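Using the hints provided, position chain B relative to the given structure of chain A.
Sequence order for the protein chains is A and B.
Read in my numbering, the first sequence has 910 at position 44, and its numbers run on one by one without any break.
Read in my numbering, the second sequence has 437 at position 54, and its numbers run on one by one without any break.
Keep in mind the hints are simulated off the structure, nothing from the lab.
Since this is a predicted model, take the numbers as computed values, not measurements.
One or more of the hints may lead you astray.
To be verified - Listed next, the stretches of chain B that the computed footprint assigns to chain A, with coverage defined by at least 3 CB atoms under 8 angstroms from CB atoms of chain A: (1) 393-406; (2) 431-443; (3) 449-462.
What the hints assert, rightly or not - Restricting the straight-line Cα-Cα distance to at most 20 angstroms, the calculated cross-link-like pairs of lysine to any residue (SDA-like) are: (4) Lys-906(A) <-> Gln-424(B); (5) Lys-906(A) <-> Asn-439(B); (6) Lys-974(A) <-> Ser-928(A); (7) Lys-933(A) <-> Lys-907(A); (8) Lys-933(A) <-> Tyr-393(B); (9) Lys-933(A) <-> Lys-978(A); (10) Lys-903(A) <-> Lys-440(B); (11) Lys-869(A) <-> Leu-915(A); (12) Lys-903(A) <-> Lys-396(B); (13) Lys-869(A) <-> Gln-427(B); (14) Lys-974(A) <-> Leu-875(A); (15) Lys-869(A) <-> Gly-423(B); (16) Lys-978(A) <-> Asn-895(A); (17) Lys-903(A) <-> Gly-425(B); (18) Lys-906(A) <-> Val-977(A); (19) Lys-934(A) <-> Glu-892(A); (20) Lys-922(A) <-> His-482(B); (21) Lys-440(B) <-> Thr-886(A); (22) Lys-971(A) <-> Pro-874(A); (23) Lys-903(A) <-> Lys-934(A); (24) Lys-906(A) <-> Tyr-485(B); (25) Lys-869(A) <-> Arg-491(B); (26) Lys-907(A) <-> Thr-421(B); (27) Lys-974(A) <-> Val-878(A); (28) Lys-933(A) <-> Lys-906(A); (29) Lys-907(A) <-> Ser-950(A); (30) Lys-396(B) <-> Tyr-485(B); (31) Lys-903(A) <-> Ser-950(A); (32) Lys-907(A) <-> Tyr-393(B); (33) Lys-906(A) <-> Thr-390(B); (34) Lys-933(A) <-> Ser-950(A); (35) Lys-396(B) <-> Asn-439(B); (36) Lys-971(A) <-> Ser-462(B); (37) Lys-440(B) <-> Asn-895(A); (38) Lys-396(B) <-> Leu-492(B); (39) Lys-869(A) <-> Thr-493(B); (40) Lys-903(A) <-> Thr-493(B).
Positions of the beta carbon are idealized from the N, C-alpha and C atoms, including for glycine.
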Amino acid sequence: EDKVVQSPLSLVVHEGDTVTLNCSYEVTNFRSLLWYKQEKKAPTFLFMLTSSGIEKKSGRLSSILDKKELFSILNITATQTGDSAVYLCAVEAEGGSQGNLIFGKGTKLSVK
Amino acid sequence: KAGVTQTPRYLIKTRGQQVTLSCSPISGHRSVSWYQQTPGQGLQFLFEYFSETQRNKGNFPGRFSGRQFSNSRSEMNVSTLELGDSALYLCASSLVGAHEQYFGPGTRLTVT
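Isolated chain A (complex conformation) (with noise of 0.2 angstroms):
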């Protein structure tokens, strides 16, 4: 069975703490890795991932993907309390599963 497993499933730090929040992967077929932040109702897009090894950057927030051990982490330096969130990471397949994304729970992160 497919599934996506975060890790930690919350974590509380102080501004301007750098964090690694991470994302392990079991599914056929892997076709990409997204990385979402949920506030209050709508998760947000922050990066897809779909190739090995290669970082993406946004700002303070960059992530990273390693296909050979089937995880990818998403890092946040000098963290500030507008991060405070909920952290989602999901895996969409190829072939036949147009349109789902299989969410991890999420890691809630707050910036105090």
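Only chain B this time, still in chain A's reference frame:
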């Protein structure tokens, strides 16, 4: 460009009733996916529509159904509501062949 919109935003129904939720995708997006989000299960895929056809379906009972119109707007229907159907229902749209999905604000359904 306007984002994904969902109506209504909040809904309270009683057991046994049925409900219809609506989703308007981003202009130009032809694929619409629906998800159920609960604290215990996280985000779970319901179904995906493209060109008025359901291409993919998750593991939900037949009480959950949907459709898509020629303008790509989509509706989902839940019949014979149960207490366990209380959840945030999210819809997401994407371009044909695109990996990333963009989410609407969701409809919060409470079944009493």
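Quiz item: Between Lys-971(A) and Pro-874(A), does the CA-CA distance stay at or below 20 angstroms?
Solution: 10 angstroms, holds
Quiz item: Within 20 angstroms, alpha carbon to alpha carbon, are Lys-974(A) and Ser-928(A)?
Solution: Holds, because 17 angstroms separates the two Cα atoms, which is no more than 20 angstroms.
Practice problem: Decide if the proposed pair is consistent with the structure: Lys-903(A) and Lys-440(B), CA atoms, cutoff 20 angstroms inclusive. | Solution: 25 angstroms, violated
Quiz item: Do the alpha carbons of Lys-906(A) and Tyr-485(B) lie within 20 angstroms of each other, as the hint requires?
Solution: 15 angstroms, holds
Quiz item: For the pair supplied as a hint, Lys-869(A) and Gly-423(B), is the alpha-carbon distance within the 20 angstroms limit?
Solution: Holds, at roughly 15 angstroms.
Exercise. Given the hint that Lys-903(A) pairs with Ser-950(A), test it: the Cα-Cα distance must not exceed 20 angstroms.
Key: Roughly 9 angstroms between the alpha carbons, so the hint for Lys-903(A) and Ser-950(A) holds.
Quiz item: Keeping to a limit of 20 angstroms between CA atoms, is the pair of Lys-906(A) and Gln-424(B) held or broken?
Solution: With Cα atoms ~17 angstroms apart, Lys-906(A) and Gln-424(B) stay inside 20 angstroms; holds.
Quiz item: Does Leu-875(A) lie within 20 angstroms of Lys-974(A) when you go C-alpha to C-alpha?
Solution: Status holds; Cα separation ~6 angstroms.
Practice problem: Please work out if Lys-906(A) and Thr-390(B) have their alpha carbons no farther apart than 20 angstroms. | Solution: 17 angstroms, holds
Quiz item: Is Lys-971(A) within 20 angstroms of Ser-462(B), Cα to Cα?
Solution: Not satisfied, since the Cα-Cα distance of roughly 27 angstroms exceeds 20 angstroms.
Quiz item: Can the restraint linking Lys-974(A) and Val-878(A) be considered satisfied, given a maximum Cα separation of 20 angstroms?
Solution: 8 angstroms, holds
Exercise. Mind taking a look at whether chain A covers the segment 431-443 of chain B? Criterion is 3 or more residues with CB to CB distance under 8 angstroms.
Key: holds (count 6)
Checked against the numbered hints above, the structure violates hints 1, 3, 5, 7, 8, 9, 10, 12, 16, 21, 23, 25, 28, 30, 34, 35, 36, 39, 40; every other hint is satisfied.
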